[in-house]
Structure formats: structure tokens, C-alpha cells
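Trainee: Dock chains X and W against the given chain P, drawing on the hints supplied.
Protein chains in written order, with my numbering: chain P, 1 to 353; chain X, 1 to 241; chain W, 1 to 339.
Worth flagging that the hints you see were computed from the coordinates, not collected in a lab.
Hints are not guaranteed to be accurate.
[As the list claims (entries may be wrong)] With a cut-off of at most 30 Å between alpha-carbon atoms, the simulated DSSO-like pairs for lysine-lysine come out as follows:
#, chain 1, residue 1, chain 2, residue 2
1, W, 169, P, 308
2, P, 301, P, 3
3, W, 312, W, 190
4, X, 182, X, 164
5, W, 312, W, 214
6, P, 45, W, 144
7, W, 214, X, 56
8, X, 56, W, 144
9, W, 169, P, 301
10, W, 190, W, 169
11, X, 164, X, 56
12, P, 308, P, 45
13, P, 45, P, 3
This one's a predicted model, so the numbers in the text were calculated from it and none came from an experiment.
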Amino acid sequence: MIKAVLSDDLPRSPVLSLALLVILAVLALAPFLFGGAQAINTAAKVCVFIVLVASYDLLLGYTGIVSFAHTMFYGLGGYGVGLALYGWGATWGAALAGLAIALAAGIVLAFLIGLFSLRVRAIFFAMVTLAVASAFAILAAQLSELTGGEDGRSFSVPPLLRPGFTLLELPALGVTVTGRTLTYYMVFLSALVLFLAALRIVNSPFGRVLQAIRENDFRTEALGYRTVYYRTAANCLAAAMAVLAGALNALWLRYTGPDTTLSFAIMLDILLMVVIGGMGTMYGAVIGASLFIVAQNYLQKLMGTAAKAAQGVPLLPDLLHPDRWLLWLGVLFVLSVYFFPAGIVGRLRQRRT
Amino acid sequence: MAEALLALSGVHTHIGQYHILQGVDFEVPRGAMTVLLGRNGAGKTTTLRTIMGLWKPSAGRIVFDGRDIGGLPTPDIARAGIAYVPETMGVFADLSVRENMVLAAQSGAPDAARLDWIFGLFPALRRFWTHPAGVLSGGQKQMLSIARAIVEPRRLILVDEPTKGIAPAIVDNMIRAFEELKRAETTVLLVEQNFRFAQALGDHAVVMDDGRVVHRESMAELARDTATQTRLLGLSLQAHG
Amino acid sequence: MADAPPIAAPEPVPLVRADYLPVLLVPALALAALPLIGSPTTWVTLTIAALAMGMMIFVISSGLTLVFGLMDVLNFGHGAFIAVGAYLAMSTLLPFAGWLQADSLALNLAALGLAVLAAMVGTGLLGWAFERVIIMPVYGQHLKQILITTGGLIVAEQLIHVLWGSDQKPMALPTALRGAVTIGPVAVEKFRLLAVGVGLLVLLAMLVVLNRTKLGLLIRAGVENGEMVEALGYRIRRLFVAVFVAGSALAGLGGTLWALYRETLTAGIGGEVIVLVFIVIIIGGLGSVGGCFLGSILVAQMANYTGYLAPKVALASNILLMVLVLMWRPQGLYPVAKR
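Only chain P is shown next, with the shape it has when bound in the complex (with noise of 0.2 Å):
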């Protein structure tokens, strides 16, 4: 049973199967587990990025496609939902709406970058995308009529979402289930629901074809695939699943901005974790985000107190403060690049053998 619900792709290594459930179990215990905002909104984070990741992993791990673009679909589910819960009313229906209105812009947006430039080479692509995701953001943060510019927008969620909403009290666990608890599973059984979407998706003949391109677009081509509709495709599923995953992330903040969407450090955060984690794995995205977010959130903590202990060593305090982590994550992702292509998963994977 469990193999079919991960489309038999399994993770073949003893501690990766180890720590996916502890990162399940984790996430799906999170509202009971810890009780402080800052734990329930990092295990709130990694659920959404796990699905950002995972289908950014579907364009570079499987397809082997760069992209710059992501994160500009990632703002448009998440500007979506927000923008129609703040102008139409917090209701189901005007984030549905909202949400629908999101996703069929991100596809047709995604359907156009892909036949415009994936007939080209990759570098080409990747500029291309670059170019347009800046724009994108500029644009959503220059008209501030609509967007809410620099600072974003505040909305307020339907009625059973809110953190005022009591569903029941559990004084036995001390636990009262909120709206807050009700959003936070939302997102969390949406994000496994995606995830597993996508497991299947590319453990499907159209995934192997997308291997395929990935390995060798010109054999693929010469074997009667027409790349482009494939690679278009993935595109547009990727894109789709950034779209949600903006959503959820809308809905669990309550607010939608350019920063926490759409900046281009989110989009190097999101190679970073799929390259750590591992690309071609979708694994590798469960990993990387989780690792790299409780990292942000925790381990700047440590640093600043590595960075205080360094006081007087000439530039060690600066290489240590807590704001050059990126530092850090960028040697380690050249070195992942580099020595560890398969990233962290696919280490573990090659250990057992």
C-alpha cells in the first residue's frame, strides 16, 4: 500500500526513510508539539516550501530545465488568494476564485516563457526567465493601487481559518484547536497531498520521458518526442504547483508581499535546497527545505553567539555574523554542485550500496 501512494518511487536508503518520518511526524504533530508561534510557523514554512521545492525539482532535477521564474509563480498564488480575500471579502469563495484566477495566469504565463525559449538553449532560457521574473517583481511592487506596492497587503481569511475561531478545547493534550490549527492543516495535508501528486507525476511514462530530455534531448527528439511540448508541459505543472504552494503561504501568513515572495533571494533559496537536498529525487526537496529552514530560523542564532565568541579575531566575527549564513549555504552549495550532484539523498541512497 505504502508503495502505491508513493507511485513505487521509494527512498531507498534506511536513514532517508528515517528521517521522512521524522520530518512527517513532526509536521503532522506540529500544532500539539510546540507551543510557541515561531516552531508552528517554521513547521508551517517547510510544509510549503516542501511543495516549492518539490516542484521546482520537477524543472531541474527531472526535465534538467533552469528556471529564474519560479518564484514569480510562487507570488502569483499568493498575490492571487490575497488580493481577492482583501478586495472581494474574507470567504471561501473569493479565495477559490482568487486561487482559480492565479493559477490559470501562471499557466498560461508558463505556457508562453516555455514555447517562446525553450526552443533555445538553455543559457538563453535561463536569462530569459531571469529577466521576466524581475520585471514581474518590480511591476507588482510599482503599482501599489492593486498590489499594496513595497509593503504587501493584509487580509483577513474565512471565518474558520481565523485564530479567534474555536473549534474544541483539549485540556487532557492543552491544546486548544483553533482556526490557526485548522489553517495549519490545510496547509499541511495539502502540502503532502502535492507532494505525492507530484511523486507520481514523475514516476509516470510522461516523467520518463522527462528524464529522458534531461539526459539527451536529441536522442529523445530522434526517438519521435516532440521535447518542446514535453518540456512546455513541465513548465506549466511546475508553475502550478508554485502557484498553490504561493497560496497556502498566503493563507498562512495573512498577508502577501513582494518580499516574502518574490524577491530573488527566495528563488536561490529554492536552488539551494533543491541542490543540497538532491535533485531528481523529490526526496531531496523534503530535506532540503526541512533543513534549511529550521537552519535559518536556528542556526543564525548560532552564529551570532559563534560571531560574539570571535570578538577581536580580525574579519572572523564578520564571516560569522548571523547574516552571512548565505555565505555559508553558498560554499556549500558550489562544493554540492561540485562534489555531491546527487545531493544530500543521493548520498544516502549510495551508502546502503
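Mentor: Frame of chain P; chains X and W shown alone:
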């Protein structure tokens, strides 16, 4: 027999996962023209590219004038005295004919007397001297490609199918050019499908099939032996050229 | 150099018609903007600003496009060289603040010259290291190249934070270059004139090297067919490194000019301009210096005109420009003959 200028023994070449050359053995005697014959896909071009270092041999030895050149980088092989006229001609279309020749002259500027001799063989090059090589016709580009290989004396010239798609009048030009080269005792390894051309110029014949050498003979004898020609090359002297 | 005397041709020699059509885009765009802008003096100011900006972008992009044409390598970390160059220049100018503030063009230029020298040498060295460590191991693997150069960009930008701090630095213009000169009814900023001058110098130098030296010959041939260049006996790898270093140094020069133009400096300065740089080299044709020059001016024009008319869509308008150009010529304005 004169010591061979170039000797290949047991040369294997893999391109990706494809095992193209599967143990090539032959020698190229000094001062003569050896012709590499064979069907399409036999591995002739790959052999030339392997000698030139554009593909690295995965096994075997390539000895040029007593020196093992297998695995050396291409520029070093070129500087050792081997010139290459590829099937695609490799002419730099954006550069003028003059600039193409300047590049080919390793020791600086082309020698004036030598240039005059080349112009005598290929008059079109003088006409288009300052024009971009891209405006040359196919046959003229081929002449330029050969001219680059002979702008300075070279010990060995590798030529890959120079007559492919070239008008017969220009082919005659080329035959004259190669005859003069032979008079100057230049060693040439020629890949050719045009048997008339090969037979007119070649001294030795090496026939390849499926990545191996299957037959070696003097050209004179092979020209007489129509049965072997048909068997190995799928053609006979009457049918082609 | 043995030159053959031209002999009367028995048959007509085909004339190579120089492809000047794309060049007409520049005046066309300028003229199209005139009625929209209205005031002729504003138009002149904007157009000159566009020329200045275009030159700076050209200086930054020319190395990138040449490296791509020659090595098939696109360095996504190019933005780091822009930033590092600007910071090196700024640091070099600190002890010479006196020269900068003096009302003497000679001293000002001397200080700037030193700063530019430091920037170019520094980024040249950084480029050399970058090529060895980051790029060489992944020749021919485009996917890894994109990833690794992006990683290099992250690390380089973070190191700038470490070495120079994260705050915004002022980059003061030297005294003699502040303000504008009036030519008739139009005021032209002095620094913009300098930028145009520098840009033209760089263009001239590149054209001379490419067309009159053996090195340039090798580069032009290498862009077309690197394999054949090797078969003629040249070590093309050394050529790669030389062009990469030169391209990095030029990025440093461009970054310095850009920082002076903006009069402030942050670590993200590379990111600001890199998107425009990419658009430029795509429009111009990857590998073409002439196309890069033309593309730079067009993009700068677009940025300046729309920056005045409809600032919110400035970058989007350049993307539209890119799409239109590619619809006309899918390989860019001046595609380079490829292998």
C-alpha cells in the same frame, strides 16, 4: 621499406558510449599518399580526428615520426607538423581569406613565394584575398582549406573527403595541387570516397570497415582488383567517377 | 606581411553588403520617442543620458558576450565583478579624497584613473581565480555552469558584505565632473560626457584588438570554430582565460562608472544592472561585440525614455523590446556564425 611516418597500432576510440574504432592498425609511409577507403560509417573520419587529437584514443598507440602522440592536446599535435583539412572544411567565414591564411601560418606571416605557388594552384584565393571567406563557393572554400594546410611545409597532411560535393573542374585543380605536393615529397593521408580521385593520386590503400582495417594494398594493385573493390567498397571503378 | 596585389577579376566579385539595418533602430527609437516626450530639450537630455548609460552597459556586457561566444560559457556571477570593481574603486578613492575634491580636472581624473586601475586589476585577478576554480571544472556542462556561477555570485556578494559592510556607501563625483555644461539650450551632465568618452574608447580599443591583432584574429576565429583553431596549432584554453580576465576587468570598469553615475554603492549594485546586461547580449546576439554595442544603446534608450514617460513599466518595456527583436531576428541582431 621506408620507415613509416605515422603508425597506428590497436587504436580504439569511444565517443560517449559508442565504440567507433575497434582496433585500428596501419602505417603511413613517408613521402607518399595513403588513401583511407571504406563505406560510410566505417570510421575513417574518426580515425583522422583521433590522430589529430580531437578525439582521445581509449586504447592503442599512435606514433608520429618516432614520437608517441596519442593523448596529446590537439595544438601540440598540430605544432608537431601535422595539418588537418576536415570534411567540413573549417574555414572561418567571418575572417577574410588573407586572415585565414595568416592564422594557418604558425611561424608568422606566410612566405611570399609560397603564396604565389598556392595562387597558381588556386587562383580564386588571390581574387578573394581581402574578402570574408564566407562569400566563397563550396569549391573555393575547399581550396582555401587545403591552402591553409600547405601554407607552410608540413610533415603530414590529413585530408578528409576534399572532393565531396565539388564540381569536377575544381576536382581537377585539386588533383594538380596534390600532384605537386607529392613531387615535394609531402606525406598525405587522404580519406576519400571518390575512387577516381583516390586512384589518380594514391600510392597505398587502406580499407576500413566497422572501425577496423580490413585490407591493405598498394593502390596500383587495388585499382586492378575490381572484385575486391566491389566487395569492400560496394562499388567498382566503372560505376563511380 | 605578404599581401597579394589585386588582379582584375574575370568574374564579378560578390559584394558583401554590410548589414546596417539594425543600426537604424537607434535613430528610429529616438525619433519615435520625440513626439511622446514633447519637449525637444528634455528629449536631448534623455537621449544623451541614454548614450552615457548605454556606454556603461556596453563596457560591462562586452566581456560577457565575447566569453560566451568563445567559450560557450555564461557567467551568471558576472554581477559580482561589477560590484567588486565598484567597491575596489571606492576603497582606492578614500585616501585620495583631497584630489577628488580639488577643483582641478587633472587631479580628479588622476584619482579616478587610479581607482579604475585598481578596480580593473582587482576584478581581473578575481576573474582569473573564478575561471580556474568555478568555471573550468564544468566546461561544456551548461546546467552545472548556470548553477555554479550563480553560487559563485552568492558567495562573492556575501564576501563583499564581510569585507566592506552592508551599509550603503556614498560614491561622490569628483568636483570638476559635477554639474553640467550647457550646449545651446541643452544641459549635459559632465559625468555623462565622460562615460560616453570612456565607452567609445573601450569600443575603439576592442575593435582595434579584434581586427588588427593576431590575438583578435584568434578570438574571432575561436568564436566561430574553436576546434579548428586548435587544429591550426593554438592553445585555445589560454585564449579563454585571457578573454575571461579581460571581460571581468571590463565589468569592474563598468561597475566603477555605474557607481559614480548613481553616486551610491551597495552590494546589490551588480544585481541592479545584470538583468539589463542579459537583455543586451540577447538582443545583440551572443558573441557579437557590434551587436552588444547596439543592444546597449537601444536598451538604455528604452530605459531612459520609459523611465521618463512611464517609470513603472521601464524594465517590462525592455523585455518587450527583447521579444520584438527576437521575433525579427531570433538569434539577435548580429548572430555570430557558429560551428
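Trainee: Decide, hint by hint, whether the structure agrees.
Mentor: Here is what the structure says about each hint:
1. W:169 <-> P:308: Roughly 25 Å separates the two Cα atoms, so the pair holds.
2. P:301 <-> P:3: 40 Å, violated
3. W:312 <-> W:190: 28 Å, holds
4. X:182 <-> X:164: 21 Å, holds
5. W:312 <-> W:214: 47 Å, violated
6. P:45 <-> W:144: 28 Å, holds
7. W:214 <-> X:56: The given pair, whose Cα atoms are some 29 Å apart, holds under the 30 Å limit.
8. X:56 <-> W:144: With a Cα-Cα distance of about 24 Å, the restraint between residue 56 (chain X) and residue 144 (chain W) holds, given a limit of 30 Å.
9. W:169 <-> P:301: The given pair, whose Cα atoms are some 28 Å apart, holds under the 30 Å limit.
10. W:190 <-> W:169: 22 Å, holds
11. X:164 <-> X:56: Holds, at roughly 26 Å.
12. P:308 <-> P:45: The given pair, whose Cα atoms are some 29 Å apart, holds under the 30 Å limit.
13. P:45 <-> P:3: 27 Å, holds
Going through the hint list in order, the structure does not satisfy hints 2, 5.
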